[in-house]
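**Q** This is what each chain is made of:
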Amino acid sequence: MTRLSSNWLAVYAIIYMIFLYAPVVLLPLFAFNDATIIALPLSGFTTAWFEQLWGNQTLRTAAINSLIVAISSAVIATLLGAFAARAAARYSFPGKTGIIGLIMLPLVLPEIIVAVALLVALSQLGLSLALWTVVVGHVLICTPFAVAILSSAFRGLDRELEEASFDLGESRWGTFRRVTFPLVLPGVISSLLICFTISLDEFIIAFFLTGTDVTLPVYIWSQLRFPARLPSVMALGTILLVLSILFLVLGEWMRRRAARRQGQDAAAGGAMTGVA
Amino acid sequence: MSTRAEAAQGLRLVSPTFLYVLVMLAAPLAMVAAFSFWTQDYLIIDRTPTLDNYRAALGEPIYRTLLLRSVAISLTVTVVTVLLAFPVAYFVAFRVKRQQALWLFLITVPFWTSYLLRVFLWKVILGYNGVLNATLMGMGFTDAPLTFLLYNANAVVITLAHAWAPFAILPIFVALARIDRSLLEAAEDLGDGPFRRFTRITLPLAMPGVVAATLIVLIPTMGDYITPRLVGGTEGLMIANMIQIQFGQANNAPLGAALAVTAMVVIGTISAGIFLIGKRLGGRLT
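Protein sequence lines correspond, in order, to chains X and D. Sequential numbering of the first sequence, starting at 1, is according to this note's numbering. Sequential numbering of the second sequence, starting at 1001, is according to this note's numbering.
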């Protein structure tokens, strides 16, 4: 196409990126703004909202709850994802499309449906809600992401390396430990980080399935009703934003290292492209 | 290894994950379906099968309105999101040469900020004293704050189009990046102008990505809870808000289950239709 339309396309892409980043940029602006009202114009610089967070006991408990849930969900989802991804990448078996389809289903299922379904099941079994019930739900929504990330890690694995290891007398476990695992390790770490981030941010399932122990997003939700608390919520959001970006950059770096190690095209896109 | 032994090993390997999903997702979903035919009186569940919940879900004006509005909003969000996303995906796939991975990464970063806070910040942007009104008035475009921005269906559409952007861009990008460039050159050599080349080659071949993007955005937005609750006002409330009320304050889980099942059946049918149409429109060259 002509140079002109190409330029228009670039302009459009940049405007679109401004649209994408508008709320993200506002978050730190208001977090450091010396005013109790979340509105423009900005009035001055302060770190008071961050200091306020520090002494907040409820927040601290919610943060610890969220960490417990996110770490447990990430580990379990990555483990379950590894089984499914390995099976999907390496073997063909009857009902494969259906089974993998069911495992990937939460990717398109509205989260409220997952939440409602688990709520009904738990109440029918007479189980009370607690942090572990949130973990059960988060594992469901994280596993498809783990499968997508790990599938590409396992697909890139050279089957001959494992066969060579068998031929040289390694047991199946030895081969896994010394050949397979090190090769997919960056994929595993990338999956852990992404699942951790998803769980840390998830609200609806946590809102439905948490008992008295609230997670961070549920805590934030409860604070949004009080205008006086909003600036410190912005500060909290800023901290979460920085942490998420840190984890993502780390996860992406790991994923590319894995791809490079297996000689794939590292530039082929992020972990999200694998999902799509 | 024989195919049979291989199949057995594959099944063994997938079984922990499969079992987990069966017990924690398939069985609970089946239970929701069963629940929707029951009735509840305070804490006592009456298991006599009845269609009353569905009669209410489809017949009573409030539920019907919410269902139809949810379908309308999620369809609008999907069309807006995919239309806005396509040129960006096209730009990254065809115009960006060396920094594709960086662009894709930058597109996904906003998605990883707290969803709750992103929606809340749209409230800050679109509000009466909001960022957008302050900017427009500051630049002299408007004299008084615009009031049609927040607490209605428009706000829901804008916020959701923002929230689901990466999910629309990435599948379209993947489809566009896969297109064999020699086909485009061939079209040009055979006398197609840029427009004809786009409609005859690029668009049909990108169709699988467009359909994937459409479904990935459409189905989850149907069940969105936070956005309508925070920026929708009463005009913009959606079915998920009512489902939550039925399971919570109203203490009528069976009706909530019936609403959930109805919403999923409706959106599932629409999705199947879109999938079939997309298949017919798509190119056969892949």
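Worth flagging that the hints you see were computed from the coordinates, not collected in a lab. This structure is a prediction, so every number in the text was calculated from the model and none was measured. Among the hints, a few may not be true.
[Stated by the list, open to error] Derived lysine to any residue pairs resembling SDA-like cross-links, with alpha carbons at most 25 Å apart:
(1) D:Lys-1097 - X:Ala-13
(2) D:Lys-1097 - D:Ala-1186
(3) D:Lys-1123 - X:Val-24
(4) D:Lys-1123 - X:Gln-223
(5) D:Lys-1123 - X:Arg-225
(6) D:Lys-1097 - D:Thr-1199
(7) D:Lys-1097 - X:Arg-225
(8) D:Lys-1123 - X:Leu-53
(9) X:Lys-96 - D:Gly-1268
(10) D:Lys-1123 - X:Ser-232
(11) D:Lys-1279 - X:Gly-101
**Q** Decide, hint by hint, whether the structure agrees.
**A** Results of checking the hints against the structure:
no.	hint	verdict
1	D:Lys-1097 - X:Ala-13	holds, 15 Å
2	D:Lys-1097 - D:Ala-1186	holds, 21 Å
3	D:Lys-1123 - X:Val-24	holds, 13 Å
4	D:Lys-1123 - X:Gln-223	holds, 15 Å
5	D:Lys-1123 - X:Arg-225	holds, 13 Å
6	D:Lys-1097 - D:Thr-1199	holds, 23 Å
7	D:Lys-1097 - X:Arg-225	violated, 46 Å
8	D:Lys-1123 - X:Leu-53	holds, 23 Å
9	X:Lys-96 - D:Gly-1268	holds, 22 Å
10	D:Lys-1123 - X:Ser-232	holds, 17 Å
11	D:Lys-1279 - X:Gly-101	holds, 19 Å
Violated hint for the displayed structure: number 7, the only one.
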